[in-house]
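Sequence order for the protein chains is A and B.
Numbering (our numbering) for the first sequence: 1 to 194.
Numbering (our numbering) for the second sequence: 1 to 355.
Hints are supplied without guarantee of correctness; some may be wrong.
Stated by the list, open to error - Computed, partial: chain B to chain A, Cβ under 10 Å:
#1 TRP39
#2 ILE43
#3 GLN44
#4 ASP45
#5 ASN50
#6 VAL215
#7 TRP311
#8 THR319
#9 PRO321
#10 LEU331
#11 LYS335
By construction, these hints were calculated from the structure, which means they are not laboratory data.
Think of the CB as a built atom: it goes at the ideal place given N, C-alpha and C, for glycine as much as any other residue.
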Amino acid sequence: MELKVKQVNRLDGVREALYFPALYVGFRLTVKHFWRNLFGSRDVVTINYPEEKRHVSARWRGRHRLTRRENGFLSCVACYMCETVCPSKCIHIEAGEHPDLSVEKYPVVFNIDELRCVFCGLCVEACPKDAIRMDTGVISMAYTSRQTFDFTRDLLRDNYDPKAHSNPKYEDYDLPSPSNQQEALPNSQGVPAS
Amino acid sequence: MLLEIIMIPAVLAIIKIMVIILLFAMPLGTVLTLMERKWSAMIQDRVGPNRANIGGFTGHGVLHLAADGLKSMFKEDTMPKGADGFLYLIAPFFGLIAGVATFAIIPLAGPIGNFTFQVTDIEPGLLFIFAITSLSVYGAVLAGTSSNSKFALLGGTRASAQMISYEVFMGLALMGVFMVYGTTRVSGIVDGQNEYWFGNLIPMWGVFTQPLGFVLFFTALIAETKRAPFDAPEGESEIVAGYFLEYSGMRWSAFMLAEYVALVGVASLITTLFFGGYHVPWLHLWENAPQWIVTILQLLKFSIFTVFFCWFQIQLRWTVPKFRFDQTMALGWKKLLPLSLANMIVTAFVILAFG
Ligand code: SF4
Ligand code: SF4
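If we strip away everything but chain A, and leave its shape as in the complex, we get (with noise of 0.2 Å):
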């Protein structure tokens, strides 16, 4: 069998071979891009990352959140499903009992290893309460130990004020951080008030 070879047609002729006139064409590119960028950076595409934020899609799975009910406790009921569906095995939740007895249970204990997860979305699919979502918009979690990624159930709680946010999932900046876990333990909104 013939082998086939494809022949490339290259440029070539007095014009290629005396270079300058593919140069002109280079240099008008590039200086009129130099100029315009010179003079107030016109055409300059780059995010200043940490200053500068990108346009999350309402539909990017990002960090998880537990969302509440009206009266501000958990919207979970500890029913299992997540940690079940969840192909990567990173949640992890103890269930307690909750003291409304239509609401039957609660979770004591309901840990997302985020450096385990694979961000399917499959818990929130899977969450028969909409207790579980994953649009706060959180792209990036960085932190210098893997035990900080291990968040809690009072880390994960859905935390910000909506009057105070005309869009929450975009501008969640005081979702607790788990720098501040500490202090966010005490303040639990898990269990009712007595």
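Since the structure of chain A is provided, determine the placement of chain B with the ligands on it from the hints.
Showing chain B with the ligands alone in chain A's frame:
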């Protein structure tokens, strides 16, 4: 008393060397290391370095110069196992010395009485430049061979082949200039460019008398500095960083600085030889202009042209793709060498017929 000491030729020469190197060549070269990054960012619609700061003050990235300097000073100076210690340690400074030595014969402004703005106006003039640029080959070759690294060796080999071949017609390209102005002395060439054609219409700049020579010489000089499009010796896509691959810290910075000092050297050589040097065109029409204004104008004209050609070289680097090594060689030997010979012969005949 002080003035007498200063006017001793040797002392004066040292002072001039200091001033030209420390106030002109080095600062411009250093600033260009940042400007290359900034300008290339503008060309590519990026922001460029802008993070180094002191308490929130970034100065649009100017502090990166200080950050770079500090970093390379405190970085470990590594030497690969099996490297040839002595050669490895001195190699970076060959290029730097060669780059700096170029400025010895470049006049920054016209003479005032006996005082010249030039370290030395030696008789061989530009032949000195050829001698010096061939010295800078040693930097690359020694670094390549002494590093005990195959990539560095490849880079060194490429560098030596490229620089030696381009040196051949770098000299030939300048023959036309020597013929037109009848001297190899730099001051003679610069003064020759202060004459005019058609009354006072067009200054007799080298670029007008020797357009082809200008293109050839510029190309050869860019190849000598090993910058794009002739950066096959560095070839970061194939041989990582070529001959200075193994260096770190201050020695690596010496290579980097040498590249930029050479870039400034190229720019000032081009200005001197092809764009009238320090002569401001049509300034002679202003009769009895005060000497100090003339000198300032000359310094300004020289600096502006030099900076422009620095910018031009950087723009060139970010515009044209790199030549493959065989293309570099083919361009040099098959196209530019015959062209420079032809240029020389045609110039000779034209001078014979009309001169
Ligand atoms: S997103 Fe996927 S991997 Fe992460 S916790 Fe939910 S189910 Fe598990
Ligand atoms: S988050 Fe939803 S699925 Fe998971 S245990 Fe709670 S209620 Fe069940």
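Hints, one by one, checked against the model:
{"no.": "1", "hint": "TRP39", "in the structure": "holds (7 Å)"}
{"no.": "2", "hint": "ILE43", "in the structure": "holds (5 Å)"}
{"no.": "3", "hint": "GLN44", "in the structure": "holds (7 Å)"}
{"no.": "4", "hint": "ASP45", "in the structure": "holds (4 Å)"}
{"no.": "5", "hint": "ASN50", "in the structure": "holds (8 Å)"}
{"no.": "6", "hint": "VAL215", "in the structure": "holds (9 Å)"}
{"no.": "7", "hint": "TRP311", "in the structure": "holds (9 Å)"}
{"no.": "8", "hint": "THR319", "in the structure": "holds (4 Å)"}
{"no.": "9", "hint": "PRO321", "in the structure": "holds (9 Å)"}
{"no.": "10", "hint": "LEU331", "in the structure": "holds (9 Å)"}
{"no.": "11", "hint": "LYS335", "in the structure": "holds (8 Å)"}
Consistency note: the structure conflicts with none of the earlier hints.
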